[in-house]
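Got chain A; can you put chains B, C and D on it based on the hints?
There are 4 protein chains.
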Amino acid sequence: MQIDLNCDVGEGFGAYTLGNDAEILQHVTSANIACGFHAGDPTTMRRTVRLAAELGVAIGAHPGLPDLVGFGRRNMHISPRDAQDMVLYQIGALAAFVRAEGATLKHVKPHGALYNMAAVNLEIARATAQAVSRFDSALVLIGLAGSALIRAGKDLGLRVAQEAFADRTYEADGTLTPRTTEGAVISDAAAALEQCRSIILQGVVRSRPDTVVHLQADTLCIHGDSPRAAELAMAVRHGLEADGIEIRPLA
Amino acid sequence: MQIDLNCDVGEGFGAYTLGNDAEILQHVTSANIACGFHAGDPTTMRRTVRLAAELGVAIGAHPGLPDLVGFGRRNMHISPRDAQDMVLYQIGALAAFVRAEGATLKHVKPHGALYNMAAVNLEIARATAQAVSRFDSALVLIGLAGSALIRAGKDLGLRVAQEAFADRTYEADGTLTPRTTEGAVISDAAAALEQCRSIILQGVVRSRPDTVVHLQADTLCIHGDSPRAAELAMAVRHGLEADGIEIRPLA
Amino acid sequence: MQIDLNCDVGEGFGAYTLGNDAEILQHVTSANIACGFHAGDPTTMRRTVRLAAELGVAIGAHPGLPDLVGFGRRNMHISPRDAQDMVLYQIGALAAFVRAEGATLKHVKPHGALYNMAAVNLEIARATAQAVSRFDSALVLIGLAGSALIRAGKDLGLRVAQEAFADRTYEADGTLTPRTTEGAVISDAAAALEQCRSIILQGVVRSRPDTVVHLQADTLCIHGDSPRAAELAMAVRHGLEADGIEIRPLA
Amino acid sequence: MQIDLNCDVGEGFGAYTLGNDAEILQHVTSANIACGFHAGDPTTMRRTVRLAAELGVAIGAHPGLPDLVGFGRRNMHISPRDAQDMVLYQIGALAAFVRAEGATLKHVKPHGALYNMAAVNLEIARATAQAVSRFDSALVLIGLAGSALIRAGKDLGLRVAQEAFADRTYEADGTLTPRTTEGAVISDAAAALEQCRSIILQGVVRSRPDTVVHLQADTLCIHGDSPRAAELAMAVRHGLEADGIEIRPLA
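Protein chains in written order, with our numbering: chain A, 2 to 252; chain B, 2 to 252; chain C, 2 to 252; chain D, 2 to 252.
The shape of chain A in the complex, shown without the other chains (with noise of 0.2 Å):
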């Protein structure tokens, strides 16, 4: 039994910081960082990677919507055209920072509002996986567990990673709990390893109301935002692991 845990980060923007990359990034095997639209600014990019290097952690890219000042999580009405041309730029730019530090870019996976866009809109999905694909098809494409992305993203011979996530709630229809529905965010660290065991060992997560979701996860995501982010992250990887699941990326 094995899991990728992985993180957003980079998610600062100039004199701006968001969350503890240097912590969190000691307990997850995956760094999913900013690219410079929904967060993210050139300098804040070559530290991030250079510090996800440094601790071995696999390097992937993080692309959102153009839109700042509300850090990509609002849906706009962009074409694909428009969302393959803004995910192949960013891959490019992090890349250019992996690059000159010597490292290897393993994975996209996209922020906020594009994410839950290529969720569930297939020629959004079909965009962003292109974008991938003709960047490098050797990278992991990661999305939403039974998403379009997923499908967008096997359907172009793309390896894919299903995620799912240790401390948001779902809904029935499998999607998570808008952020802005109380309870959305689980920041009990014994509660968001419950859900994360449930995924891996049963492949099902409780959904609002109290119905269950089936799942098939290849990586879990952690936020790294919340004021105890790192906590949870210990106490998730090291509660998975004292159950004999192994915590590594997804190559």
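No lab work stands behind these hints: they were computed from the structure.
Certain hints may be false.
Given that identical chains are not distinguished, each listed pair holds provided it fits within a single copy or across any two copies.
Pairs of lysine to any residue, SDA-like flavour, derived with a Cα cap of 25 Å [what the hints assert, rightly or not]:
hint : residue 1 : residue 2
1    : K155      : E102
2    : K155      : I201
3    : K155      : T105
4    : K107      : E24
5    : K155      : G103
6    : K107      : S138
7    : K107      : D137
8    : K107      : S188
Frame of chain A; chains B, C and D shown alone:
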């Protein structure tokens, strides 16, 4: 006798167009494509890369300062670290479209104020050259003939191309007359051709006030944003070819 | 019989120009000036306000979504709170130039996707109207004839102006044919004039497919960004005046 | 004896927060609120204006350079025309929220690099003062004590407030030690209080190397972005009050 003719292209943004890339690219051998900071956006970059590739023009990155409203023409007191990071980011972003189109990135030429700063400030010059070298040491670095950027590129072992301008007047110290000065831009095709001839055949350019500056040029820049840019480019190209000078890309 | 003719102006940005404001402003009675989010920058705003003031054209704010690369034409899932804040910000910014020029701000008309969202989404409509009302309850709010925005403005006690379009085709439900649809923009001056006459004199506009939509218009929009915009504006104005219709600003 | 205490607030952006405005605003008498160029966004501005109004703190605009990634701290070679337009734009935007909240805009203080440029460059100083004057000649213009900005404001007949810094060290020429220099920021509350006392009671501040600079201050700036900013502000305020100095807003 041979020379490269280069032009800055892809400098539109969103709904805005600037210059007539499709025409001017028929007359030059190297295209410097804007990367989204001073001009350019992902869709414009994709289209411009494709256009240059179709026309067999050598493709280069044209990174600028993060100053869209000022078109990258206002000096900013950035640190060398800032410079290196922003150049690396932009080269990577452009390179992604080049890769997706199956083309090859050949050169890098900084834009506007970044170009001017790198011409005289050795720290900024080194940082810029470092970004190019770290991304791909086979890239050609284009800089103002005799400038700090040329020196910095050579010091790092990069292939450099010394640039002179077909359509800009010079000062006695070899720098370009600032655009804000009356007459700084040469719009007469015959005058531009004469300046090019003088540079290539005698290695001198007449400067303001009436002195000559000695310079050695590997590439001549023709601006694409004046109303009669394509006409001027064609006149320069045909005039030089009539003199037996071969127009060919740098590599 | 009387009508206002309005036009969106000041939609350049930095080095980029769009439309020919100096010409089109000679034919309309109200100018909607971009405020820096979808287009426009401080210098462009100052110049455009001055130009409109000199020509005696009524000045209005034309706030848009924070999407420069998309020219404010891509819907974004913003909250009503976001909408109110961004409209208020933009009205204030434009009003500062109006004040500095000794002119008076007369109206507000949202741009692009914000206009379309406020036409059908009552929450966004209310937030937009609220921003106008909180800034200055004497301002006229321009919205699509019969839209949610008109209702929201009336509910708040604002003076509203129902808008119809000289140069855009309509759908059977009274909305504008999307720009992405072939033929959505009327470029023939005679056809535009005919549509204006029908709207003013009969209160109807022909829609696609061949039905009629009843609407009441206080102001007619003429777009300024097509190559022959000024010509079309002049033809519409002269044609309507020949019919004895007075062209005059809203207030 | 009396003095104003001012603080820069509202310097978050979107998902990013900076400083603890709610705490620091309890100890100062004037709030300089960021206007969206170097920091701040419409929602942050609305919230900060409301907070300052509720706490009875005098509200001012804090316009900066259009350099979000550099937090407005990197000098840019803007023209005086650029400066005037960007300051006017930002004052207007902030004033809209002040107006919507039923409060009154009291002062303007430029931020960061714009503040520093206006302190030494008389053209930029005049352009900045002109923007303030053209918006509302009753506004107080805050600038570095003894600077070009103070002179420019006086020349235009504006009320000016000479500013000194509680928590920044000075150079022998009366300018602030650059932030990049070790020890430029005073984080010890007792040292800050001592510097404030010296400025108010003796009209001198000790500078590096060990000399004194004579200055006259109407307002003291306390930075809000250090971890212990509120503590320092409270210590300064209580210390000065214990000396019988009245802490009161400028007007």
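Structure-based check of all given hints:
1. For the identical chains of this complex, K155 and E102 are inter-copy neighbours only, at 22 Å across copies versus 30 Å inside a copy, given an alpha-carbon limit of 25 Å.
2. Within a single copy, K155 and I201 get their C-alpha atoms as close as 22 Å, which meets the 25 Å cut-off; across copies the closest is 55 Å, which misses it.
3. Within a single copy, K155 and T105 get their C-alpha atoms as close as 22 Å, which meets the 25 Å cut-off; across copies the closest is 28 Å, which misses it.
4. For the homomeric pair K107 and E24, the shortest alpha-carbon distance inside one copy (21 Å) is at most 25 Å, but the shortest distance between copies (40 Å) is not.
5. In this homomeric assembly, K155 and G103 come within 25 Å of each other (Cα to Cα) only across copies, at 22 Å, whereas the closest approach inside a single copy is 29 Å.
6. Proximity of K107 and S138 under a CA criterion of 25 Å is satisfied in both settings, with 11 Å inside one chain copy and 23 Å between copies.
7. Taking CA atoms no more than 25 Å apart as the test, K107 paired with D137 passes in both settings, with 10 Å inside one copy and 19 Å between copies.
8. For a Cα distance limit of 25 Å, the shortest separation of K107 from S188 qualifies neither inside one copy, at 29 Å, nor across copies, at 43 Å.
Checked against the numbered hints given earlier, the structure breaks only hint 8 and satisfies all the rest.
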